[in-house]
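Given chain A, work out where chain B should sit, using these hints.
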Amino acid sequence: MTRSRLIPVALLAAVAAGSIGAWVSVTVRRRIARPSTVASTPAASSATAAPGRKIKARLYYVSTDGTKLTGVDREVSYAEGAAAQAQEIVSAQLTAVPAPLVSAIPPATTLRALYLNEKGAAFVDLSKDVSTSHPGGSQNELLTIYSIVDALTANLPAITSVQLLVDGKEVDTLAGHIDLRKPLQKNLGIIAP
Amino acid sequence: MPVDFIGRALPSVSDYRIALRRPSLLVIVGDLRVPRVQVRYDTSGAVSGRLTIDATPRVASTITQEGDQLAIKFDADAIDVAYSNSTAAPLAVAGAQGLIQAVRVADPVTLAFTVGPRFGTFKATTQPSDTAMRETIDISPASAQTADAAPPPPPQTNPVPPDLNAIAGTSASTALRTIAIDPGHGGGDDDGAKGAQGTKEKDVTLSVARRLKAALESKLGVRVLLTRDDDRAVSMDERTAVANSGKADLFISVHANASWRSTLAGATISTTTFGQQDEEAAHAIASELLPAINGPARGIDFIPWDLAQIQHLARSEALARAIAAQLQGHVPLAMNPVDSAPLRVLEPANMPAVLIELGYLTNAEQEKQLAGNEFQNTFVQALVDAIVRFHDEGAR
Chain A
-8 MTRSRLIPVA
2 LLAAVAAGSI
12 GAWVSVTVRR
22 RIARPSTVAS
32 TPAASSATAA
42 PGRKIKARLY
52 YVSTDGTKLT
62 GVDREVSYAE
72 GAAAQAQEIV
82 SAQLTAVPAP
92 LVSAIPPATT
102 LRALYLNEKG
112 AAFVDLSKDV
122 STSHPGGSQN
132 ELLTIYSIVD
142 ALTANLPAIT
152 SVQLLVDGKE
162 VDTLAGHIDL
172 RKPLQKNLGI
182 IAP
Chain B
145 MPVDFIGRAL
155 PSVSDYRIAL
165 RRPSLLVIVG
175 DLRVPRVQVR
185 YDTSGAVSGR
195 LTIDATPRVA
205 STITQEGDQL
215 AIKFDADAID
225 VAYSNSTAAP
235 LAVAGAQGLI
245 QAVRVADPVT
255 LAFTVGPRFG
265 TFKATTQPSD
275 TAMRETIDIS
285 PASAQTADAA
295 PPPPPQTNPV
305 PPDLNAIAGT
315 SASTALRTIA
325 IDPGHGGGDD
335 DGAKGAQGTK
345 EKDVTLSVAR
355 RLKAALESKL
365 GVRVLLTRDD
375 DRAVSMDERT
385 AVANSGKADL
395 FISVHANASW
405 RSTLAGATIS
415 TTTFGQQDEE
425 AAHAIASELL
435 PAINGPARGI
445 DFIPWDLAQI
455 QHLARSEALA
465 RAIAAQLQGH
475 VPLAMNPVDS
485 APLRVLEPAN
495 MPAVLIELGY
505 LTNAEQEKQL
515 AGNEFQNTFV
525 QALVDAIVRF
535 HDEGAR
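Going down the list, the protein sequences come from chains A and B.
Okay, so the first sequence: first residue is -8 according to my numbering, each after it adds one.
Okay, so the second sequence: first residue is 145 according to my numbering, each after it adds one.
Hints should not be assumed to be uniformly reliable.
Stated by the list, open to error - Some chain B residues close to chain A (C-beta under 8 Å, calculated; not the full set): (1) Lys338; (2) Glu345; (3) Ala402; (4) Arg405; (5) Ala485; (6) Leu487.
Calculated directly from the structure, the hints in this document are not laboratory data.
Beta carbons: idealized from backbone N, C-alpha and C, even for Gly.
This is chain A alone, in the form it adopts within the complex (with noise of 0.2 Å):
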């Protein structure tokens, strides 16, 4: 094969390698976020929660305009360790308020897992009520969301982002909307001033 026709085939040959190292660091990127191949940290918050003890942590309702969420003080248990601190702030943010305060978070939904993984991503699995009782709309749907992902990123420094998980599963949107196929950063316009 003389050099002149070697050239072509070795552009061909780069021109192939390039495109398959694209396609591998697009995959390699997409799986870094799933939570199935993180370093996860079960939160395991009954064996370090201290009974009694309770610490303050800003929750996030819905307020009075309906077009933002207002934030909170409450009472929270206090628990040892990022994950399981991060397990009672949504397990709080998810109970029942007394009126005026109005929960964007459907009321059957349960926290059924909460997992950090080391680039301070946590993963909220939520039971499906979260998506099947949601009453639809995009703004009801950004309150449901960014209700979780700012308290847990608001409270806990060591939480940069947050997935929400459905059934233990990663989901499109809630309810038609919201892209939640990646940890979404916290939202400081969705909040009131």
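Okay, now just chain B, sitting in the frame of chain A:
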């Protein structure tokens, strides 16, 4: 045997007159008067136009108007109407102007135009030449009052935008050819939001999407793709795929909102947002310079499906602002009508894309509005005007 044989050889051996007209696949046997009729439409100004109808060979014709039908009857045995793309495109412009909606051969010797809601009066003149008879019909739009009285849909309450011809134009790279409309939700498991009176979001969005399709097609002469045209479940990726594979120039997802607070009302127009990691990934992947066989190296964009919208965000935001500006004063708007959120259905859209929440079904008054013809038609008209405005701004 070549088909031309019919026209060339048969007449010489037959007592009958035999003529072949290839374009219209017509063989005329005997002494029949079958003039060829050619239709042309030219706009004269933004809101009026002229129909030119040539009949060859020359035959007399009479023009009458009955209801919404403008009929031209030819004194012949039949007519041979030449339809072609060069006829259809100008008539689409006439449709966009609201002057003429359709043309058909009503009976063997009558050509009937269905006039549009803006049709007002016409003036016909006849100019015979040696071989043809030319009928010229100048069409003027109705006065504003008459147009208002026209029955919707599509609604015709606003004046025609001035740059209408540019919308359906085919030469400019900015021409709008295809618009994808996505009626949100659908199917047995996804009603979307629900009002206290039982109004379902999936029904409202489908009704509005169908009206939008009719209005955009008839007024702007563009192709409109619906991601669903019945009550069925469509996945998020399928919805955006309709727009991407159909090479749509705009993607508009239509929804109705719900709030935990029943007083909240008003429409919002949202674009999508991406996380910082997504944006970094898109920039790292975009525009890699690849060597090309037998040519200079060229830039190729490797944008993953889920990040396609990143490169259109600025135009999407401009579209959202244009829609909000046009809806203002016509339908109730939220306090901050232009918004953004990580909207799943918009992320893969490879064109300017917005998600419109028409209003709140959880607000009793809005539930009634959103389900009604008046609101839906007003919204559709404002959106059509917004698309024209957005297009004009982009073309400048």
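Now for the hints, and whether the structure bears them out:
1. Lys338: holds, 7 Å
2. Glu345: Check passed: Cβ of Glu345 of chain B comes within 6 Å of chain A, closer than 8 Å.
3. Ala402: This hint holds: Ala402 of chain B lies near chain A, its Cβ roughly 3 Å from the closest one there, short of 8 Å.
4. Arg405: holds, 3 Å
5. Ala485: Holds, about 6 Å.
6. Leu487: Hint on Leu487 of chain B: holds, closest Cβ of chain A at ~6 Å, below 8 Å.
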